[in-house]
Structure formats: C-alpha cells, structure tokens
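Line by line, the protein sequences are chains A and B. According to the numbering used here, the first sequence is numbered sequentially starting from 1. According to the numbering used here, the second sequence is numbered sequentially starting from 1001.
Simulated from the structure, these hints should not be mistaken for lab results. All of these numbers come straight from a predicted model, not from anything done at the bench. We treat Cβ as the ideally placed atom computed from N, Cα and C, and that holds for glycine. Mixed in with the good hints there might be a few duds.
[To be verified] Straight line, CA to CA, 30 Å or less: simulated DSSO-like cross-link-like pairs of lysine-lysine:
| hint | chain 1 | residue 1 | chain 2 | residue 2 |
| --- | --- | --- | --- | --- |
| 1 | A | K94 | B | K1180 |
| 2 | A | K150 | B | K1356 |
| 3 | A | K94 | A | K23 |
| 4 | B | K1356 | A | K94 |
[As the list claims (entries may be wrong)] A short, non-exhaustive set of chain B residues, derived as facing chain A with CB atoms under 7 Å:
| hint | residue |
| --- | --- |
| 5 | G1051 |
| 6 | Y1052 |
| 7 | H1054 |
| 8 | R1055 |
| 9 | S1063 |
| 10 | R1208 |
| 11 | G1234 |
| 12 | A1242 |
| 13 | Y1348 |
| 14 | Q1371 |
[To be verified] Calculated from the model, a selection of chain A residues having no Cβ within reach of chain B, i.e. all distances over 12 Å:
| hint | residue |
| --- | --- |
| 15 | L44 |
| 16 | E141 |
| 17 | E144 |
One-letter residues, chain by chain:
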Amino acid sequence: MSIPPPVAADSLHERVRAVLGDKVSAANTRSNLLTIEIAASDLLAVATALRDEPELRFNYFGDVTAVHWPGETQEYEVVYHLRSIPENRSIRVKTRIAAAEAVESMAQVWPGADWPEREVYDLMGVQFVNHPDLRRILMDEDYEYHPLRKDFPREGL
Amino acid sequence: MATVEIERIAGEDDSGLILNMGPQHPSTHGVLRVVLKMDGEYIEEAVPIIGYLHRGTEKIAESETYTQILGYTDRMDYTAAASSNLGWLVAVEALAGIEVPERAQWLRCIVGELGRLAGHLVWIGTHALDIGAMSVFLYAFRARERVLELFEELCGARMTHSVMRPGGFLEEPREPFYEKLESLFDYFVKEIDQFDKLLSKNDLWIGRTVDVGVITADDAIAMGLSGPCLRGSGVEWDIRKAEPYAAYDKVEFDVPTGTGKGDVYSRYILRIEEMRQSVRIMRQVIEHMPPGPVMTDDARVGRPDTPRLYTDMEAMINHFWMYIHGFPVPRGETYAAIEAPKGELAFYVVSDGSGKPYRMHVRSPSFVNLQSLPYLVKGRLLADVVAVIGSIDIVLGEIDR
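If we strip away everything but chain A, and leave its shape as in the complex, we get (with noise of 0.2 Å):
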C-alpha cells in the first residue's frame, strides 16, 4: 500500500457540494485546496457527514484555529483542517460567528479535536458548546484575557 497523490481539489468540490448541496454557502479551491464556508448552525451536520459519507471519509481532524475581525457584527471566523487518511483528501471548513455566539464542539465528531478546541478557546475566547472539558490550556486557569484577539495589546498590558 502506499500513499495516493492528492485528491484534486475541482472534484472533490463537486462530490462536496452533491452531499451538502445549499448548506454550502461559498467556496473556492485556490492552491488545490477546497475551502467551503458554511453557517455555524450547520457546523454539526456538516461536520457528521464529511466524516461518515462514504464518498468523502474525512477521517482526521487536522486542525482548528480562529481569527478575529474586529469591527465586523460576526468577529470570528473558526477555520477546520480536515483530512482523510489513507484516501488524501484535505479540505478547510470557516464559518462565521459573533463574539456572544458559540460554534459546536467538533470533539463530539472526532475526538481529536479537544485539545486544539481547548486551546482556540483560551486564546481567542471562542466557546464551544458541548466540548467534554472546556477549560483554558496555555494561560493560567484564572487569567482574564483571551490574548490572541485583536483588542489585547501587543505590548504593555
């Protein structure tokens, strides 16, 4: 067995978007990678059949991490890093919340997500709903900030 090239990014945005169809609210796939934004409302739904569709098997929980965009009425954008081992197929999912908003734990679909959830909730201040243990990772258990938002200072707190 050995390791196929990866999956073109053109193609496997049509069998994505034939399991998801509307949920699918943009998408592109500049440097073959397909990136879909989809509503948080969605993320559980959308999360459950990229893993189980036999088509897709997104099998790995690659990676999650958040930016902020002060200024905006939805701040966060939540990005996901999604693989399927051994196939090789890579796509990124974003979707947009507000600040007061939560996203759903990606940890109830794979549990490789805990800690990385845990660790974009203490940085960035982004709750995520039915996580098994949200508690902060990095920072002490009792600071104040989420440092990694754009409103914390770079330096001289």
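For chain A, the structure is supplied; the task is to place chain B on it using the hints.
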C-alpha cells in the same frame, strides 16, 4: 496552575493517591506536568498540564515581518529547528507565490533530514535513559554532536540556525560542508545499527516497551495523531509523500510503520528505521542535486547584493525598506504542512496584504500527540508513564509555543 484539576480528580471521598509528576522532572522532557490519580501502582487517571513554556509566539508573529518570524520558529522544536524553519518557509512561499530555485529545494531536503536525525537522536538518547538504558544516551549524544557540527559548518550556528530564508538559502554552503556530510554517512549508519543492536532484541527493553501504551489505527486517526505515533499503529501516512514539498517527490524512501501494533516498541523501531531512511535521502540528494543558484532572483524578497548598496541609492532604499517593513505578501490565507520529526507540523497564515501576517497559527504535532497520553497510560503502571511520554516524543517548546 492546576488546583482545579487536582480537586476534581481527587473526588469527594479522597480515596486513592494523587501523584504530581513534573514540571521539573527529567523524564517529562521539559516542563510537562502530569497529575496522576493512583490506585496503588496503577494509574486511574492522568491529566497532563501544559503552558509553562508559553511565550505567545502566535501573538508576537503579528508584529514581526515574515523573515523575522523565522527566528521564532527555531525555538519551537529546538531539537530539530530545521524542520520548524522549513514548515514556516513552505507556508510563506506558498502565500507569497515565491519560486524557490531547484538547487535550494534539494538542499532543503538535506537540512530537513539533518534536523530529523538530530531530533531522533535526542529522542533515542532520552527515551532510553528514561527506561534505564544509560549508555545509549552517551552514544546518541555523541552522534548528535556530529550533526550539530554539520550545521555549524553550514551556517555557524549549531541548534537555532535559521539558515533557510524565504526564497531559498542565505548563501551556498561552503565546499567543506558537502565533504564532511558525505564522510559522515557511513558513520551515521553504523551508529544507528549500534542502537538497534543495543536495544531491539534486549530482553529488558522488550519487557518495558512491547504492548505498552497501545493505540489502534482507528483510534490514532480519530485522535489526530501524526508522525511516528500514527505510523506506529500501522497507518502509512507521511506528509513528505502525501503533499510533497522541497524535493521529496524526487527522492526514493520508505515510510516505515514499525510492527504496526501501536505500542511503544513499534514507535521505537520505526524511528530507528526513519533515521536510516534520512541517510538514504541525503545520499540521493548529494548524488542528484543540480547546480545553480540557491536564492531566488525575485526582487521582492531577494537581498540586494552588497556592492550595489554602496553605490546605488535605489538599492539602499530597497534594502532598508525590506528590513524595516518586510516584503509585502498578497491578501489571502494558506495552510501548509510538513512532516517534522514529531509529526504533521503546519502553519496557517492569513495575510492582509502588508509585510506582517494578520494571523499566524501553528498546528504543532507534539501538542496534538500529547492529548493521547491519558488514553495511553490508563490502567498501566506508573513506570509505563515515562516510557509512553518518551515514545510520543514531545518537545515542550513546540507544545506551549
């Protein structure tokens, strides 16, 4: 830092013993702390506590230029700084659309594999020391010294070298580097064989490692493990093959999966084989590396040549601009992964079009791999914890960032 944790696992009835391991314990490989709930000599629950080495690299990166950040990546996985450098550069070059010359791509394989060799030699030394095989540590660090001397020959620095730059290399390595590298291949193979002979069939080693810390292939994938921790369970997965970077698509090498049982022994035996494959890759690079420049001639990122600086005003302005503001990177985002010695190291970078990243995120392999520790040691003996931590091969600089 972990009073809440200790209270939670101690429970109401205060039964069992709470044992604190680290953060200042040599077998935790840095400043990892593990709080263990014991039932006699057996582990009921293990809670890893991290963050003691958190330096806020991702936040700092937002106020540094793309080239300056390179120095911070050295300090993430400091046992194999070359790999962290390479990961960052692959991401920056993808985002900025910088073409790297062919020779530099091949040379990056050498630097990447030397990094892997250095990282794995630290791992085998400390892992064996944890389990009680003292002499392996001395041999491993002696061999690692040869690797560090090669880095010294390459750029003058031994551990945190930043010898690669966006667009290629700062300069072509001097001739003695290649001579010394070639003369050491046989030595490395001999040393690797020696570790193999010392440990692989050693009764005590087998007793301490076989069927310890077992994880199945499905669980390893679900937990997001990468690198040797994933391959040890029999999953053939390597970013160098899956999404080739540098010149890894032009060299031949095997992806070892150990015994495929997912235990400490499997992760050990496959790393030994990986070191052999590293030497094999470097031999091929030396043989097939094409001549040519090692730095891109792209004026956006290339350093203006020094003589022009003294005579040409424009060159001087360009030089100052480059070093103060950095080179502008087009708006966009990228996620670039490489196979670091510890697993999948990836950088997610968002650019707003300026010379500094809007957001930089590191997916560090040790961080994700370490979350499997409670699963791997549950119900095992206390002595197995050090064996399992060693076999995950963590570096706290990379976990805490």
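Verification of the supplied hints:
1. A:K94 to B:K1180: Outside the cut-off at roughly 48 Å; violated.
2. A:K150 to B:K1356: With Cα atoms ~14 Å apart, K150 of chain A and K1356 of chain B stay inside 30 Å; holds.
3. A:K94 to A:K23: With Cα atoms ~12 Å apart, K94 of chain A and K23 of chain A stay inside 30 Å; holds.
4. B:K1356 to A:K94: Given pair K1356 of chain B, K94 of chain A holds - Cα atoms ~23 Å apart, limit 30 Å.
5. G1051: holds, 4 Å
6. Y1052: With a minimum Cβ separation of about 9 Å from chain A (threshold 7 Å), the hint on Y1052 of chain B is violated.
7. H1054: This hint holds: H1054 of chain B lies near chain A, its Cβ roughly 5 Å from the closest one there, short of 7 Å.
8. R1055: violated, 10 Å
9. S1063: holds, 5 Å
10. R1208: Cβ of R1208 of chain B sits 27 Å from chain A, so the hint is violated.
11. G1234: Violated - the Cβ of G1234 of chain B stays beyond 7 Å from chain A, reaching only about 10 Å at its closest.
12. A1242: Check passed: Cβ of A1242 of chain B comes within 5 Å of chain A, closer than 7 Å.
13. Y1348: This interface hint holds because 6 Å falls under the 7 Å limit.
14. Q1371: holds, 4 Å
15. L44: holds, 17 Å
16. E141: About 6 Å separates E141 of chain A from the closest Cβ of chain B, which leaves it inside 12 Å; violated.
17. E144: holds, 15 Å
Violated hints, listed in ascending order, are 1, 6, 8, 10, 11, 16; each of the other numbered hints is respected by the structure.
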